[in-house]
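Undergrad: Construct all of the structure, not just a fragment, from the sequences and the given hints.
2 protein chains.
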Amino acid sequence: MPAPLHVTFAAGPEGPWRIDRIDALCGATLEPAERLRVVEAASPKPVLAASWALCGVTSNPRYTQRAELDGLAARQQGLRRPEASRAALIPIRKTESWWAMAQDERRAIFEEQSRHIAIGMDYLPAVARRLHHSRELAEPFDFLTWFEFAPEHETAFDTMLQRLRQTPEWRYIDREVDIRLSRA
Amino acid sequence: MPAPLHVTFAAGPEGPWRIDRIDALCGATLEPAERLRVVEAASPKPVLAASWALCGVTSNPRYTQRAELDGLAARQQGLRRPEASRAALIPIRKTESWWAMAQDERRAIFEEQSRHIAIGMDYLPAVARRLHHSRELAEPFDFLTWFEFAPEHETAFDTMLQRLRQTPEWRYIDREVDIRLSRA
Numbered sequence: 001m002p003a004p005l006h007v008t009f010a011a012g013p014e015g016p017w018r019i020d021r022i023d024a025l026c027g028a029t030l031e032p033a034e035r036l037r038v039v040e041a042a043s044p045k046p047v048l049a050a051s052w053a054l055c056g057v058t059s060n061p062r063y064t065q066r067a068e069l070d071g072l073a074a075r076q077q078g079l080r081r082p083e084a085s086r087a088a089l090i091p092i093r094k095t096e097s098w099w100a101m102a103q104d105e106r107r108a109i110f111e112e113q114s115r116h117i118a119i120g121m122d123y124l125p126a127v128a129r130r131l132h133h134s135r136e137l138a139e140p141f142d143f144l145t146w147f148e149f150a151p152e153h154e155t156a157f158d159t160m161l162q163r164l165r166q167t168p169e170w171r172y173i174d175r176e177v178d179i180r181l182s183r184a
Numbered sequence: 001m002p003a004p005l006h007v008t009f010a011a012g013p014e015g016p017w018r019i020d021r022i023d024a025l026c027g028a029t030l031e032p033a034e035r036l037r038v039v040e041a042a043s044p045k046p047v048l049a050a051s052w053a054l055c056g057v058t059s060n061p062r063y064t065q066r067a068e069l070d071g072l073a074a075r076q077q078g079l080r081r082p083e084a085s086r087a088a089l090i091p092i093r094k095t096e097s098w099w100a101m102a103q104d105e106r107r108a109i110f111e112e113q114s115r116h117i118a119i120g121m122d123y124l125p126a127v128a129r130r131l132h133h134s135r136e137l138a139e140p141f142d143f144l145t146w147f148e149f150a151p152e153h154e155t156a157f158d159t160m161l162q163r164l165r166q167t168p169e170w171r172y173i174d175r176e177v178d179i180r181l182s183r184a
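Protein chains in written order, with the working numbering: chain A, 1 to 184; chain B, 1 to 184.
Read the hints as simulated data drawn from the structure, not as lab findings. Honestly, I wouldn't trust all of these hints.
It does not matter which identical chain is used: a pair holds within one copy or between any two.
Stated by the list, open to error - Straight-line C-alpha distance at most 20 Å; calculated SDA-like pairs for lysine to any residue: (1) K45 / Q76; (2) K45 / E139; (3) K45 / G15; (4) K45 / Q113; (5) K45 / P2; (6) K45 / L131; (7) K45 / G12; (8) K45 / S114; (9) K45 / E14; (10) K45 / H133; (11) K45 / Q103.
TA: Here is the structure:
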């Protein structure tokens with residue numbers, strides 16, 4: 001378990017990732033921008049952005065159980081694979097009713113009812129992902145998930161999102177933006 | 001579930017709480033100081049402190065189940081009761097092996113083996129508490145727990161700490177400082 005990593009996604013005229021589109025699925029969108037930089041630091045670090053900047057921090061798993069962690073570890077691959085020239089940044093915010101629930105209630109909706117971990121597993125190792133927590137950083141979203149995949153896996157990635165968005169868990173999401181990116 | 005509250009515990013020559021003693025139970029201590037201020041804000045806010053400042057943020061429960069939350073809610077009282085003129089600030093840091101565990105493994109140690117919630121329940125409503133998370137804020141501790149109680153309950157509070165410190169959960173704590181405070 002690496003130490004928490006503070007990550008800023010900074011949109012503006014520069015950065016290695018080209019922003020191909022920004023779609024608001026629910027709630028307010030983010031303003032258009034050309035490029036995205038991903039800045040990593042060991043502690044919270046202000047990053048200037050011409051357009052917008054979203055911050056999150058990696059952390060320990062909050063719902064994943066041992067058998068699930070082992071299953072994920074056996075199949076998942078890391079970020080920055082040379083062939084993974086497509087990415088998605090999906091910021092979401094959950095409702096007050098989600099955060100008012102107890103741990104067992106949230107886990108039941110997250111996995112026993114929605115199969116969030118199981119659905120993600122179906123797309124490993126093609127889709128690499130990293131979750132960033134934002135709720136405790138006074139940010140506009142609760143989570144920022146960053147995905148990387150090769151162009152030929154974008155259709156499968158879209159299918160994964162469709163499946164997740166039909167689950168009971170998604171009834172507790174009141175803001176979601178889908179940002180697609182590519183690099184040369 | 002209130003929105004996350006950012007709280008800084010700032011030690012120096014001023015503040016409403018007098019620091020009566022600082023005891024390191026495990027790992028490095030904190031330097032002596034006279035007084036403590038507790039500064040609350042909706043977002044991370046730099047606070048100057050002559051001696052030391054520790055920051056944390058309130059969040060949703062990470063282990064507590066519905067029946068336990070209901071049991072706590074039925075008995076607990078809030079901070080700032082007039083009779084609660086004694087306080088304790090107990091910063092702790094957990095080991096890498098704790099953070100490497102899955103959610104079910106940490107929950108099993110926390111409650112099924114250590115009865116952390118059940119032990120705390122035995123001291124309600126006398127001991128009021130608020131937990132602050134620090135690990136994702138690049139702080140020297142992972143958690144800051146703030147307790148308030150009347151002087152006649154300090155012995156019971158000490159017994160509670162003794163019981164908790166004998167549990168399997170405490171094997172995963174590698175830094176703990178016990179700061180006792182009082183106010184007029």
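Undergrad: Look at each hint and say if it fits the structure.
TA: Hints and how they fare:
1. K45 / Q76: neither (29 Å within a copy, 37 Å between copies)
2. K45 / E139: both (14 Å within a copy, 13 Å between copies)
3. K45 / G15: within (18 Å within a copy, 29 Å between copies)
4. K45 / Q113: neither (37 Å within a copy, 39 Å between copies)
5. K45 / P2: within (18 Å within a copy, 26 Å between copies)
6. K45 / L131: within (18 Å within a copy, 25 Å between copies)
7. K45 / G12: This pair counts as within: shortest intra-copy Cα distance 18 Å, inter-copy 26 Å.
8. K45 / S114: neither (35 Å within a copy, 37 Å between copies)
9. K45 / E14: Classified as within; 19 Å inside a copy, 29 Å across copies.
10. K45 / H133: both (15 Å within a copy, 19 Å between copies)
11. K45 / Q103: neither (30 Å within a copy, 29 Å between copies)
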